[in-house]
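Visitor: Sequence:
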Amino acid sequence: VIECRPSLSAMVPTAAAVFGLTCQWNKGAMNISWTPQSSSDYYEVQLAVNATAEPFVVHSTAGANVVVDSLLPSREYYVTMRTHAASTPSLGPGTWGQPAGRVVCESGADVVPKKRKLARADTTLLEVMRQSEFTYDVDYLMNHDSGTIEADAAFASMGASHPDRPSPFNITFYNATFTLYCVEMLKVDVPDTFSTGGNSSYSDYMSCNDNHNATDPQCICDNWIDRVISKTDADACHDSKGKKCSFFTKMGDCTCSCSQESLNNSNKYIGMMPVYFDIESDDYYGQWFSHPKPTECDDDEEVGAARADGSVCTWKRHREARIVKGWQVLQSGFNTSASKTITPALAKQNADAFYKSFALAPMQPWGCEDTVSVLV
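If you count the sequence shown from 1, position 99 lands on 99 in the numbering used here, and the numbers rise without skipping.
Derived by calculation from the structure, the hints in this document are not laboratory data.
Where is the CB? At the ideal position from N, CA and C, for every residue including glycine.
It is possible that part of the hints are untrue.
Stated by the list, open to error - Restraint ranges, calculated between C-beta atoms of paired labels, are given here: (1) G94 / I225: 25 to 31 angstroms; (2) R75 / V312: 18 to 24 angstroms; (3) S257 / T215: 23 to 29 angstroms; (4) K348 / D122: 44 to 50 angstroms.
What the hints assert, rightly or not - The calculated DSBU-like cross-link candidates involving lysine-lysine, where the alpha carbons are at most 35 angstroms apart (straight line), are: (5) K187 / K356; (6) K250 / K115; (7) K187 / K117.
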């Protein structure tokens, strides 16, 4: 039995008048604009190939327009938008309205190669993928964890043996949403980290969205299982009786401690941990990242900008993000044979399925590097 979702054509009003959503082709790019809503503070523009298809890309902004400069020539794109409720605590589930206001936009023949936003001398670009939790919509990065495609593909491999069954995140792999982001982050030198494998470009990793409230996710000192996966010393993790945590510790009865300096840095800078999975092997699968909400840059802030309260914004998502669904990854060759154990060969096969799926979007090649496109 495969889980089905309601038809998008039944969910999305066809009246273009909703939100005043319009599109105009100009100088090789699509300018999509709308009427700002008094009850909203953020907007997500979605593009799909037809009226019933899932979106393959989103552009998000606090403004009233986006310029999409990565389209292919002479194509129809079906555009919808959803609005974010002002003053809600995150960009996660329970904070957005339903997509509405579909318009059909046609790209011109005069497409020009997308201009990549390059990192500055004091910043670097980081490509990350995130599987949405407790929702089938994009749930963004603030106070959430993400990973390299390789690391997240390995993790997904362990829970996809029954793709139609709900996971602990209350989603099925078949309909799960995987979003590829490009993040600009401030170059830093963080001393005395314990989770990063000696890489001082990141703070210590934090475990996020485990506070049973996906609408207001929180990040905490990385938990025991994450320390096991990263081969980090887990001696600072104890149960309620003071015993060191283990695989036999009751779920929810394990607390890990971090120094205040570590927590302060983790709430300022993107955190990182290496991913191994098998405690008896040195097979390395990539990295996981944590993204602290307090220092995410707003639309009008440059990375590294100082704020009136003395804080500094240290990381920023690029507006465009690419999307694939679990069923698309399955069609691209994702191997569901793993259960609790994976191998490097299987993880690579499944990472390749993600790369292939993202590359199928009718867009110009994705890239999150200074000069090279990752997906071709």
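Visitor: Give a verdict on every hint.
Guide: Comparing the hints with the structure gives:
no.: 1; hint: G94 / I225: 25 to 31 angstroms; in the structure: holds, 26 angstroms
no.: 2; hint: R75 / V312: 18 to 24 angstroms; in the structure: violated, 41 angstroms
no.: 3; hint: S257 / T215: 23 to 29 angstroms; in the structure: holds, 27 angstroms
no.: 4; hint: K348 / D122: 44 to 50 angstroms; in the structure: violated, 34 angstroms
no.: 5; hint: K187 / K356; in the structure: holds, 31 angstroms
no.: 6; hint: K250 / K115; in the structure: violated, 51 angstroms
no.: 7; hint: K187 / K117; in the structure: holds, 16 angstroms
Checked against the numbered hints above, the structure breaks hints 2, 4 and 6 and satisfies the rest.
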